[in-house]
Amino acid sequence: MSDGLNISAPADVLLDVNDLVVHFPAGRRGMFGPPSKVHAVDGVSFRVRRGTTFGIVGESGSGKSTTAQAVMRLIPMTSGQIVFGGENIADFRGERLRLARSKFQIVFQDPFSALDPRRRAGDLIREPLDLLGIGSPREREVRVKQLLEEVGLPPQAADLFPHQFSGGQRQRLCIARAMAPEPDLIVCDEAVSALDVAIQAQILNLLKKLQRERGLTYIFISHDLGVIQHFCDEIAVMYLGRIVEQAPAQVFFSAPLHPYSWSLISAAAPPGPLRDRLKKDYLVKGDPPSPVDPPPGCRFAQRCPFVVERCRDELPILQVEAEEHFIACHRTGEIAPPDFASL
Amino acid sequence: MPPVLSVKDLSVSMNGTKGMVPVLEHLSFDVAQGKTMALVGESGCGKSMTALAIMQLLPEDFRVTSGSILLDGVEVLSASPKELRSLRGDKMSMIFQEPMTALNPLYTVGDQIGEVLRQHRGLSRRDAHAQAIQFLKAVQIPAADKRVDAYPHQLSGGMRQRVMIAMALACKPKLLIADEPTTALDVTVQAQIFDLLSELQDDTDTAIVLITHDLGAVAELADDVAVLYAGRCIEQGTAHEVIARARHPYTRGLMACVPHLQLGRMSNHASAELDEIPGMVPPLGARGPDCAFLPRCAFAGAICRAQPQPPLDRIDAGAAVSCWRHQEITP
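Going down the list, the sequences are from chains A and B.
So for the first sequence, our numbering puts the first residue at 1; every next one is plus one.
So for the second sequence, our numbering puts the first residue at 344; every next one is plus one.
These are calculated hints, taken from the structure and not from any lab test.
Each residue gets a CB set at the ideal place from its N, CA and C atoms; glycine is no exception.
One or more hints might be untrue.
What the hints assert, rightly or not - If the Cβ cut is set under 8 Å, some of the chain A residues that face chain B in the computed set are:
| hint | residue |
| --- | --- |
| 1 | L97 |
| 2 | L160 |
| 3 | H163 |
| 4 | Q164 |
| 5 | S166 |
| 6 | D196 |
| 7 | Q202 |
| 8 | V227 |
| 9 | S263 |
| 10 | I265 |
| 11 | A268 |
| 12 | P270 |
| 13 | P273 |
| 14 | K279 |
| 15 | V284 |
Claimed, not checked - Computed list of lysine-lysine pairs in BS3-like fashion (alpha-carbon distance at most 25 Å, straight line):
| hint | chain 1 | residue 1 | chain 2 | residue 2 |
| --- | --- | --- | --- | --- |
| 16 | B | K434 | A | K280 |
| 17 | B | K351 | A | K285 |
| 18 | B | K378 | B | K489 |
| 19 | B | K489 | B | K515 |
| 20 | A | K279 | B | K480 |
| 21 | A | K279 | B | K515 |
| 22 | B | K480 | B | K434 |
| 23 | A | K280 | B | K378 |
| 24 | B | K378 | B | K351 |
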C-alpha cells in the first residue's frame with residue numbers, strides 16, 4: 001500500500017505516516033464474550049509535504065482527532081510508523097521523545113480548557129521554552145514579547161490571566177504557545193470550530209500569515225468543508241477510522257470520487273438548485289455506525305446509496321486513481337460522479 | 344391574520360455589580376403562521392436572550408425592562424407562572440443546541456415525549472406511549488416502536504435531536520424556538536435535521552424562530568431575518584433580500600468572512616486571505632452611546648462618530664437597517 005502512496009521525492013516530505021493503527025479496548029460482548037475493540041484508526045497512511053497544509057475532514061467518530069493525537073505521540077498507538085523529518089518517532093521514548101516534541105506542536109479546539117487558568121499569558125507562552133531549555137531566561141522573555149506580537153496581541157497581554165481574554169484571543173495565545181519552540185509542524189485540531197465566524201476568519205488569516213512567514217507545515221482537522229477548501233492544499237476524507245479518499249484540494253472539489261465525499265459536499269454546498277439536486281441524489285441518511293467491532297467490508301457500506309454485495313464482504317483498499325488522487329471504493333468507474341458543471 | 348408571535352420594543356437588562364446593564368435593546372419583530380424568522384449574530388449579541396425572554400426562562404439576574412411579547416394574542420410578560428406552564432410545551436416550545444443535556448437521562452424517550460401529552464392533553468400513560476411512537480415515526484426515527492423505550496444515552500446525537508423535535512412538536516405548538524439546533528451535530532446530520540424541520544413545518548404550519556450564526560441555514564430555512572449586534576437589531580428584512588443585498592457593514596462582514604464552498608471548475612484554490620471583521624463584540628456594559636459597531640466598521644465616517652446609535656430605518660416594506668451611512672455604502 002505504501003508503494004501506491006508515493007506522492008513525491010522524499011526530500012520535501014516532512015511527515016510520512018505509514019499504516020497507523022489505534023485500537024481502544026471497549027469491554028466485552030456480554031459477560032463471557034470476546035473482548036471488543038474500538039477501531040478508532042485502522043490502517044491510515046499519508047504523507048505531508050513541507051510548507052503545505054494537509055486537511056483531514058470527517059464526521060465525529062471518523063478517527064481524525066485520534067490520528068492527529070497519535071501522530072503527535074499523545075496517545076499510545078497499536079502499530080504503524082510515523083516518520084517525521086527522516087526519523088521514526090513512533091519508536092521514541094522518554095527524554096528523546098520529550099525533546100523531539102519541540103518540532104511538532106498541536107492547537108486544540110477549545111482554548112478555554114487548553115490553558116491553565118491560574119497562570120499568566122506570558123508564563124504560559126514561556127513554559128515550552130522553559131521545559132525544553134531553549135535560550136537564556138532573558139532571551140525567553142524577549143521571545144515571549146515577540147510571539148505575542150506575531151499573533152497580534154499587545155505586549156501587556158503577558159501579564160493577564162486566560163479568563164481576561166476573549167475566545168479568539170485565547171486561541172491566539174494557544175497558537176503563540178505552539179509556535180514558541182519553533183516547530184516545523186503544527187496540528188490544528190478543529191482549532192477554529194468553536195469560534196464565531198468573524199473570529200474564525202481572523203484566526204485562519206493569522207495561521208496563513210504564519211505559514212507564509214515561517215514556512216510552517218500544518219495538519220488541519222475540520223468538519224467544515226468550506227474552511228478545509230479555503231485552507232488546505234491536500235485533503236483526506238476519513239470515515240470510521242480509514243481514509244476513503246485523498247486528493248489535492250482543487251482535484252477534490254472539482255472531481256471527487258467517493259460516495260461519502262459526495263455526501264459531505266452535498267451537505268455543505270451553497271444553497272440553491274444545485275444543492276437541492278446534490279442532496280436528493282447523494283446525501284446519505286442516518287448517522288455513522290459505531291466504530292466498535294466494525295463489520296468486514298467497506299465501512300461506508302451501511303449508508304452508501306451505491307452499495308453492492310461485494311462492498312459488504314471485502315474491504316476496499318486506498319488505491320491510486322489518477323495522479324495524487326487516491327480512492328478506496330469498489331465501484332469507482334461504475335457509478336457516475338455528480339456533475340458540478342451545471343452550477 | 345395577526346402574527347403568531349409579536350415582539351415589540353423588547354429590552355432586557357442584567358442586574359450586575361455596577362447596576363442594570365442593558366443586554367437587549369428595543370427589539371421588535373413579528374412571526375406569522377408557517378413562517379420562519381432567523382435571529383443571526385455572533386455570541387454575546389443577544390440571540391439566545393431573546394429566545395429565553397419569549398419563553399420566560401431568563402436567568403435569575405436578567406429582567407425584561409420594557410416591551411411586550413404577544414403569543415397568539417396573549418401577553419407572555421404578564422402571564423402567571425401557572426399560565427406560563429400551560430403555554431410552554433403547548434402553545435410554544437423550544438429545542439436547544441445540546442440535546443444530551445436537554446433530555447433527562449433517567450427516563451426513556453417515550454416517557455419524555457409522553458409527559459408533554461399527559462401534561463397538556465390529559466392522555467393516559469398507555470395512549471401517550473402509543474402517540475410517542477407515532478411522533479418518533481414522524482421525525483423519521485427507524486424502528487420507532489423499539490426506540491421509544493430507549494434512554495437518551497443509547498441514541499446518537501442526531502437521534503436525540505430528533506427526539507427533542509418530536510417532544511417540542513407533540514402538542515402542535517403555534518411557535519417553535521430552535522436555538523442553534525444543529526450546531527452540535529455532524530454535517531450530514533445537520534442537513535437531515537434542517538430538511539426534517541421544514542417538512543414538519545409544512546405539515547403543521549408552526550411559526551419558527553431560528554437562532555443561528557450560520558447564514559447558509561438562513562438562506563435555506565428562513566423567510567425573514569433579523570441581524571443582532573451587541574443587543575440591538577441592526578438589520579432586518581426578508582431572508583432573500585438581506586442575503587442578496589445586505590446593507591449593514593456588519594451583515595456584509597458576516598457573509599464575507601465565511602469561506603464558501605466552490606465546486607466544479609470554479610474551485611480554483613481559494614483566495615489567500617479571508618475578509619475579516621477586526622476586533623470583537625463589545626462586552627456587556629462596555630457599549631457606548633454611539634453605533635456599537637463603530638470600532639470594527641470599515642466604513643465608519645465623521646457622521647458615525649458625531650451621532651448616537653443610528654435608528655433602525657425602514658427602507659421599504661421588506662427591509663430596515665441601522666446605519667448612518669447605508670445609503671452611501673450600499674452597492
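Index of numbered hints that the structure contradicts, given in increasing order
Going through the list in order, the structure violates hints 1, 2, 3, 4, 13, 16, 17, 18, 21 and respects the others.
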